[in-house]
Each structure stands twice: as structure tokens, then as C-alpha cells.
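Using the sequences plus the hints, can you model the full thing?
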Amino acid sequence: MTVIDRTQTADRTARSLPLRRKLFGNGHRPGFLTYGLLFAFFLASAYPLWWSVIIGSRSNSALAGTWPPLLPGGNFWTNVGEVFDTIPFWLALGNSVLISGIITVSVVTFSTLAGYSFAKLRFKGRNGLMVAVIATMAIPTQLGIIPLFMMMRTLGWTGEIGAVVIPTLVTAFGVFFMRQYLVDVIPDELIESARMDGASMISTFWHVALPAARPAMAILGLFTFMTAWTDFLWPLLVLDAGNPTLQTALSQLQAARYVDYSIVLTGAILATLPLLALFVVAGRQLISGIMQGAVKG
Amino acid sequence: MTTTLNRPAAGAPAASKTAPTFRQRLNVFDVKASPYLYIAPFFLLFGLVGLFPLGYTFVVSLFDWHLLKGQGEFVGLRNFVEVLQDRFFWNSLFNTVSIFLLSTIPQLVVATGIAAVLDQNLRAKTFWRMSILLPYIVTPVAVAMIFANMFGEQYGLINNILASMGIDRIMWMNETLPSHIAIATMVNWRWTGYNALILLAAMQAVPRDIYESAAIDGAGPFRRFFSITLPSIRPTMIFVVITATIGGLQIFTEPKLYDPRSAGGTARQFQTTVLYLWEMAFQRQNFGKAATIAWLLFLIIVLFGIVNWLISRRIATTGDAPANRRLRRAGLTTTRSGK
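For the protein sequence lines, the chains are A and B, in the order given.
First residue of the first sequence: 1, per our numbering; consecutive thereafter.
First residue of the second sequence: 1, per our numbering; consecutive thereafter.
Keep in mind that a hint or two might mislead.
[What the hints assert, rightly or not] Some but not every residue of chain B turned toward chain A, in silico, with C-beta under 10 Å:
1. Phe42
2. Val110
3. Ala196
Keep in mind that the hints were calculated from the coordinates and are not lab data.
The model shown is predicted, which means the values in this text are computed figures rather than measured ones.
From the three backbone atoms N, C-alpha and C, an ideal C-beta is built for every residue, glycine too.
Okay, structure coming up:
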């Protein structure tokens, strides 16, 4: 299927290239207006971040001027020290890494297993169960927060990391995403021949499905990690101020009676840095994931 | 390859004569049970943390239920009647829909425009794609903090600039519409680039020959955009609208942190429904009513979902071909990135 598609695409491109060149000539590269628009949008995207760097590296008095300063000041490390004094930053960072890590591993593992089963194995009730998975994709977990909170309190887990992790160990979206990917990417013949060679079901999964699923697992993992990292409402409910995630710790900076914005924005920068690093490393995968239609977190 | 195909054929007649060996029975069991074993963890966990809470929320909503005192007497649908008569509930719903509209409409218009700009033969493609995605990696908590600062009423950047141009300061926090605009700005800033990339993917799947023949027929760039691009990306547009709707109806972090000391403004001027749910449950400690709000919100989301689905079905019948092509192309790109 894909092979045929690819040759067709190649054919079409080959056929239409001379035509396109004739039509649009050298001018088929867009002009400076295009780049101007993109650059303006880039400025709008980057400026609020740059602004937080400026204020975060100065003191609150920088806010009082009529026109904003354009360059960072020299107060950044003092502000960082203030942030560390006000909130348990390293504990919060560790908690966030642990929570997001566990959730990511769990979601990717169970989604790949279930997605493979739905995509490539035959069993009774397969279609009905798949419809159930798709239907549950629309249920926002947020709406169950009251029973979930009562559950965690009954178990005595409030304040513990487990209480944050449990509700998002699996997602219907993950199963759906892996199924869609694996349906096309593994030829049935490959599974059949592994089975004929005497491989058990699980070793077929391990040696045939898992290597093929790797790119999709990376993308699903990336998005799951980001969603878990940025979650705010649920950790706010079940954790206490002494054992926060990065997001709930940050919000404590702003909740003080007197808000020192240069400290608040320094905290915002510090919380953005880990994801910025992830972006530098995995930005291309992130983009390809979005372009394949990964859903909002 | 040939040997692997021959082997079971040679073994099969012998096996059918005698009773199945332990190994064969094990194999049959393996084939029958494995699919269920692979999907079981998902359904077990999802039942526990997804479906059960939703059902139990309904049970809680039928009782007088206090955060600390626990379950009280059975009140039937009284919570529903009271919430539906509660003007703060309607206020929160109004705020949610208002912020949702202020964020979704400009966001989609700008995202479509940016996607169209990106859908050209650009130099440094990856750089531009990454640059528009930059806000997406800033967490909502940090976004709320940055924009709460920029929209500050006393010393905020935006009011300072307005004042220097001789325009009156705007009460970005204390007035209803300005506060909705400020919160919508946070959402727009974070999500526009993300949506632009989804729409760009759809645009890239539109065959270029259509544009070329349209150009030969004398259609200018704008005509080509409105007559070819927009109709072709309808299915993706609907997808983006649906996800924006589900996300928009649940907005919490931005309004919560815009003024962290209140639950959505001193006069609830930007209190959204999830924020009201939070206030009802954890400040007023009325779990029964909070559960009622959760269920009503769930029904509203389902309602929006059905409306979206009906519209998309109608549009899908007219825009079917591009949709299929998009899906096929998506499969193609997937295979490529897999290699």
C-alpha cells in the first residue's frame, strides 16, 4: 500500500516539476514579505519570554519605567537564590522528573501493548472494545477529580507522589495513537512468518512489533511527558506545599501577599529551562508528532 | 523463506492424527489469550481511574456531601436544581464560553494564515517551524505568570505602553471583558503555533498540481487559498476546533493564576466553570454540588461534541476526497519517519 503510494507521489513530482518551474520560474521562492510576516510572528512568540528574562534578571523597580528595558540586568543569580530560598526548588524538580517519568513509561508501555493487540491480533470483541476506547477519549479525566480525590484520601496517599501518578497511568488516546500507527507500519506477513518460525505471541511482539513501533513510541512519550510536566490542577489538589511538583511550587511564588515579579519571572524561566532543553534535543520529533495530528494535552 | 513455509505443512498431517501435545495446547492458549492480556492493563486501569470516577461523581452529586464530614443525606436531584439556579454557575459558564470564543476564533484565523505562509517553498523550513512552536514548551503556569505581569494594571508592560501613547490604562484584571482578553491572550500565545503546524500538515497534503492548474486558469494566490486550500483542510480544521473546544471548556490554570489569591477575580469576573468547581469543592467544601457541576460540565462537553460531530459529518460528505487523501498521506509520512 505504502509502496504504491510512494511511487505515485514520486511520479507526480517528476512529471510536474518542469511545469512548476515554467509556471513560477525563479520566483517560486517566496519574497521578503513572507519572511517579514514570519519574523513578526516569531517576535510575538519570543518577546514574552525575552521580557521574562529581562525582568527576571533585574529587580522589581525595572517595571516602573514607562518604556521597558531591552536588555537583561545583572540580578539574575540573586533572584535565583531568592527562588531557592522561597520554594523547595530541587525537591519540586525531582518530583516532577519522577512523576513525568513514571507516567511516560507506563502510558507508552500499556499503549503499545494494547495498540498492537488492536492493530494486528484477531480476537472476539475487538471492534466493540476499540469503539469503547475511542468513545472514552472524549471523557476529560478532570471531571472525575472529586471521587479520585476521595479515593486518594481513603488510601492515605494525599501528599504522596503516587496520588499524582495513578490517575494518568493509561490514556485512551495513547492506545488509539499506537493502533493507528501499527496498523500501517507492520505487514501481516511479517507477524505470520515469525509465528511460523515458532515464536510465541510475546516474542513476536518483542521482536517484530516493538522495533517497528519505536518512532511512534518516542513521539507518544514526548507528548505524555510534556502533558504530565505541565499539569497543574491535579497536583495542586493532592500534593501539599511541602512536597510539590515544579508547577505547584512555582505558583507559591505568586501567591505570596507581596508579589515580587522579578522573583516570580525568574522562577518561570527556571521552570521553562528543562522543557527548552528537551525542545533543543527533540524539537524535530515534536514537530513531526504535531504534524501527524497528536492531540492537545 | 521457503523452508519456513514448508515446515508447518510437513508437520501438520502428523499432528492431526494424534491428540494435541502439551506444547500445541499451550500454543493455542497463547494465541487466544494474548490479545486480551495485552489490552487488559489498559481496561483495568482505565476502569479504575477513568470510568469509575465518572460514575461515582454522579452518585456524589445525589447526596449532601461535605469535604470533611463526608457523606450526608440523600437529596436526589436537589443539587442539580440548586446549581441550575445558581447565578455564579451561569456566570462561570458565561466566562468560560467568552474566554473560549476570544481564544479560539483569533487563534484559528492566525494559525491558518501562518500555516499558509509556512506552506511555501521556504528557506530554513525547520527553523521557522521550531520558532513558531517556542511558546508551546512554556508551561501554562509560567505563561500565566508572565502575562499576569505584562497585563499588570499598575506597572504592567502593556499599560505602560498605552500610557506613553496617551491612552488610558485598561483595568486588565478588574473588568470583565479586558480580563477575558488577557486570559485568552495567554491561551492564544501558547497554542497558535501548535495549531498552525497541524493545519500546515493538512495543507501540505493538498496536491500541488491543483494549484498549478488553478494558476494556469488565472487564479491569484488569494483565490487559490480560499477556493482550494480552505476547502481541502476542512477535516483538519474540524479536528482542531474539537480539541480546542474540549480544552477551552476545561480552562483552569490560566484564570487561577491570573489572580492566585482569588478564585477567578474579586467579583468572579473571570471565574471559569472548572475554577468554580474547584472553589465549590475545596473552599466551600461542598462536594455534592461540586460533583453536580462536574456532571453538568461533562454533559455540556458531550453536547458540544455532538454538535461538532454533526457539523463535521455534513462537511465530510462534501469534502470527502481531500480527507481521504490526507489520511493516506499521513500514513505515507509515518512510514517515512519510521525508516
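Here is what the structure says about each hint:
no. : hint   : verdict
1   : Phe42  : holds (4 Å)
2   : Val110 : holds (8 Å)
3   : Ala196 : holds (9 Å)
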